[in-house]
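> Full structure from sequences and hints, please.
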Amino acid sequence: MDAIVKWDAPLTSLKDLTYTAEYTMPSTDFFYTVCNATKEHRCDFGKLPSCHGNYKFRVRIELEGNTSSWAETPNFSLKKGTIFGPPNVTLVTKGGAIGAVEVNIQNPVLKISSLKEAYSKVEYNIRYWKKTDKKDVPERALVTQQHVNLKPLEPNTRYCVQVQVYIPMPHNNTGQYSKAVCVMSTTNNTTTDGERRLSEGLVVSLVTVAVAFPLLLLVPWVIYKGKRFLHPKVKLPEHLKQHLIDSHQYPYLASQIISPLQEKYDQISALCEENPYNVLTDIPEDNLYHVDSGVSVEMPKYYNAVAENANFDMPYKNI
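Following full-length UniProt numbering, the numbering of the sequence shown begins with 1 at its first residue and continues without gaps.
Treat the hints as calculated values from the structure; they're not laboratory data. None of these values were measured; they are calculated from a predicted model. Please note that a few of the clues may not be correct.
[As the list claims (entries may be wrong)] Simulated crosslink set (DSBU-like; lysine-lysine; CA at most 35 Å straight-line):
# : residue 1 : residue 2
1 : K116      : K80
2 : K131      : K116
3 : K80       : K179
Right under this line is the structure:
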């Protein structure tokens, strides 16, 4: 739906000619300038506002401020004058019929609207032939659907297909053929795309089950081992449990039990006598007592004199 206007240069020896091209919309008298002072002999008007109605284009020459008169085109219809490009075609082999081939058609893209909206009726001209056939006379089919089953075809035979867009009266517009696409027709022993997808789905399901089943068995075992680790069956003796509880509740006392206090003390000596005796103030010289050398006794001078020659029958004992 692009509009491109082309023109021929005038028969003149003048150089540096420029051109201005304009168009007017349907049912209006105002012209829109698209190409201004161009030296080319064409003007691409690009995407026009609508695909409906008739357009009119005009061109003039300009040279040093001088212009020629306008050269106008007759009324132009985009819907009638558009050349359609080839559609996109894909072939699929389907099960359920011997030698069946499905043709999927995708319309060419329009810059204005779409093919179905611009035209009330769109048809497709399909031609197909056996690739190994030497005859250059393909079979033809004119259809309105975009998904067509070609049958009956010869089984296990390679067919090629081409499609073109056709707009019937009043426009009578024919598009370009697509590139030839080839595929092998189905047979009883041929695996179709649907069967292939089914088999692939079954393989994926079996692999998934084979991987998931051991994992499902492993999860309870891991949970069981975790519980056994957190809550072992082996029980501690009661006195050890009580000791742990006491240690937890009374950490100070537990530390005292583990590290007992070291008591400090001084070593002392005590003297005791086994038999008492009387100290005499007047001791005869023939009744002297011997004092043990290990005893230090502080006495008066009188007793010291006596103690030098004294001898006690019952000495003090050092304990």
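> Now, for every hint given, state plainly whether the structure supports it.
Cross-check of the supplied hints:
{"no.": "1", "hint": "K116 to K80", "result": "holds, 15 Å"}
{"no.": "2", "hint": "K131 to K116", "result": "holds, 33 Å"}
{"no.": "3", "hint": "K80 to K179", "result": "holds, 24 Å"}
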